[in-house]
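**Q** On the provided structure of chain A, position chain B as indicated by the hints.
Protein sequences, first through last, are from chains A and B. Going by the numbering used here, the residue at position 190 of the first sequence is 190; the numbering climbs one at a time, nothing skipped. Going by the numbering used here, the residue at position 16 of the second sequence is 16; the numbering climbs one at a time, nothing skipped.
Rather than coming from a laboratory, the hints here were simulated on the basis of the structure. A hint or two may mislead.
To be verified - Subject to a maximum C-alpha distance of 30 Å in a straight line, what follows is the list of computed DSSO-like cross-link-like pairs (lysine-lysine):
{"no.": "1", "chain 1": "A", "residue 1": "Lys-143", "chain 2": "B", "residue 2": "Lys-32"}
{"no.": "2", "chain 1": "B", "residue 1": "Lys-57", "chain 2": "B", "residue 2": "Lys-72"}
{"no.": "3", "chain 1": "A", "residue 1": "Lys-143", "chain 2": "B", "residue 2": "Lys-72"}
{"no.": "4", "chain 1": "B", "residue 1": "Lys-32", "chain 2": "B", "residue 2": "Lys-57"}
{"no.": "5", "chain 1": "A", "residue 1": "Lys-143", "chain 2": "B", "residue 2": "Lys-70"}
{"no.": "6", "chain 1": "B", "residue 1": "Lys-57", "chain 2": "B", "residue 2": "Lys-117"}
{"no.": "7", "chain 1": "B", "residue 1": "Lys-176", "chain 2": "B", "residue 2": "Lys-158"}
{"no.": "8", "chain 1": "B", "residue 1": "Lys-158", "chain 2": "B", "residue 2": "Lys-116"}
{"no.": "9", "chain 1": "B", "residue 1": "Lys-32", "chain 2": "B", "residue 2": "Lys-70"}
{"no.": "10", "chain 1": "B", "residue 1": "Lys-117", "chain 2": "A", "residue 2": "Lys-143"}
{"no.": "11", "chain 1": "B", "residue 1": "Lys-32", "chain 2": "B", "residue 2": "Lys-117"}
{"no.": "12", "chain 1": "B", "residue 1": "Lys-32", "chain 2": "B", "residue 2": "Lys-174"}
{"no.": "13", "chain 1": "B", "residue 1": "Lys-158", "chain 2": "B", "residue 2": "Lys-57"}
{"no.": "14", "chain 1": "B", "residue 1": "Lys-72", "chain 2": "B", "residue 2": "Lys-158"}
{"no.": "15", "chain 1": "B", "residue 1": "Lys-116", "chain 2": "A", "residue 2": "Lys-143"}
Said to hold, decoys possible - Stretches of chain B that chain A covers, calculated by requiring three or more beta carbons in the stretch to come under 8 Å of a beta carbon on chain A:
{"no.": "16", "region": "44-58"}
{"no.": "17", "region": "95-103"}
Glycine is no exception: its CB is placed at the ideal position from the N, C-alpha and C atoms.
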Amino acid sequence: MFSEPFAHGNSWVHALDARLRIGVAFIFSCVLAVATTWQQAKFGLIAACLLLICSRPPLRPLLRRLAAVNIFVLFLWLTVPCTMPGPAAFHLGSLSCSLAGLHLVWLITLKANAISLLFIACVATMPVAYFGHALHALRLPGKFVFLLLFTYRAIFLLADEWQRLNTALRLHNFVATSSLHSYRTLGTLVGLTLLRSIDRAGRIHQAMLLRGFSGHFTSLAEFRFTRRDGKFTVAALALLLLYFTLF
Amino acid sequence: MPLFALDHISFAYPQGPELLQDTSFAFHATEKIGFHGPNGCGKSTFFLLVTGLLKPKSGHIRFYDCIISKEKEFRALRREVGLVLQNADDQLFHATVLEDLAFGPLNLGLSPAEAKKRAEQTLAQLGLSNLRDRLTHQLSGGEKRLIALASILAMQPKVLLLDEPTNDLDPTHKKKLMQILHELQTGWIIVSHDFDFLRDTCTGFMSIEGQRLRRSESLHLHQHVHAHPLGDMPHAHE
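In isolation and in its complexed conformation, chain A is listed as follows (with noise of 0.2 Å):
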């Protein structure tokens, strides 16, 4: 259902520390997300594109996500250049676009854009399990990372019961209309789903249980800060210089 298709490559973005990776992400994010100028969100848009140039992301999945993220902006496009106060760019009948408008939407499609491939670039590059380990070795909370792993994992489940009760009312020719009969089904499949869930939820529990689960997180997973990784932090860093030596 859901696939990761930057997770699995074999560029030298991959082999980087996935604690250093998720740090960039978050500070440099930050840092875009409070940008004023177009030049400043320019910056990063170039710099965020040579890093996924280097993860080498497969073609078609990546326009599909910037796509997404670009409808989004698009309604933007729609609705602020015409609600923003202050001198006239041009009319469409009696709508008038504000200046001011145009240029903040123009900022924050620039903005929008650049933290996007900054994150396909650095966390979308590695599977969402080694991302929830990678977030527990940054001392987050065992909790939440617990939360985003086994949501991530029921989800499917989730999807699975979901499709299991749906074969079934096929099987008994059920055809969705709008009457009666079928919202009440529907509301019982709904009903169903989450049922199941929850004692599944519970079975679950018990297989934990039974294999010593005490409430604490353990993982297998290792980090291990390399040279490369050394370089990549020195880059990183220059390039955060550079920036606040520009703007």
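**A** Here is chain B on its own, set in the frame of chain A:
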């Protein structure tokens, strides 16, 4: 001294009939017991009570002759009494087989490197090394069952409690399971409706009669007639 024992245990699920009533039972670590009985008579419940996942209405559980009731005490019991539940799907909760096998050893306090080694050893011992890097949700039903068993064996328990281990296993996987069991040094209690399987793996038998656990020393063997649906490919009788 028995490894674990039940003393005067009674149990009923909320709004359910009494499943066990004032029943006692002692198990020694070297015993190999087949446990049979009709559906819903309390066989799985018995396993859950022993491992402390369910609490009895009255009576208590002993582990090495000490009465235990706290979660911490049951945790010590679960190190030595490995219960493999019926539904293998719910027991594999990691992405890959190796990670799943390492989960128990990590909880026992092994380092990641040791846990990984233990997981690999267990797979090799069971002849399942080829599944090492497979994703758990993509395993076949039979493979899932074997991996669920392996994930408990990775903790090196003294005895095994197996809940219907042959359900939905094809003859090949069943044979594999039999092989694995024959090479193990542990004792066990196996719940099954498969009398042939119990005869081949167990030396003693027990059942539930009138809400009480009963031991029976021998299995009543009888001849039965059965069909060979694929007449040109009959299975062998050993």
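**Q** Could you run down the list of hints and mark each one as holding or not?
**A** Going through the hints against the structure:
1. A:Lys-143 to B:Lys-32: violated (40 Å)
2. B:Lys-57 to B:Lys-72: holds (20 Å)
3. A:Lys-143 to B:Lys-72: This hinted pair holds, its Cα atoms lying about 20 Å apart.
4. B:Lys-32 to B:Lys-57: Judged against 30 Å, a Cα distance of about 28 Å means the pair holds.
5. A:Lys-143 to B:Lys-70: holds (23 Å)
6. B:Lys-57 to B:Lys-117: violated (42 Å)
7. B:Lys-176 to B:Lys-158: holds (21 Å)
8. B:Lys-158 to B:Lys-116: holds (21 Å)
9. B:Lys-32 to B:Lys-70: Given that 30 Å is the threshold and the Cα spacing comes to 28 Å, the pair holds.
10. B:Lys-117 to A:Lys-143: holds (27 Å)
11. B:Lys-32 to B:Lys-117: Roughly 29 Å separates the two Cα atoms, so the pair holds.
12. B:Lys-32 to B:Lys-174: holds (18 Å)
13. B:Lys-158 to B:Lys-57: Measuring from Cα to Cα gives roughly 27 Å; hence the hint holds.
14. B:Lys-72 to B:Lys-158: holds (18 Å)
15. B:Lys-116 to A:Lys-143: holds (24 Å)
16. 44-58: As far as the region 44-58 of chain B goes, the hint holds, because 3 residues have Cβ atoms under 8 Å from chain A.
17. 95-103: This one holds; 5 residues, not fewer than the three required, reach chain A with a Cβ under 8 Å.
Figure legend: structure checked against the earlier numbered hints; hints not met, in rising order: 1 and 6.
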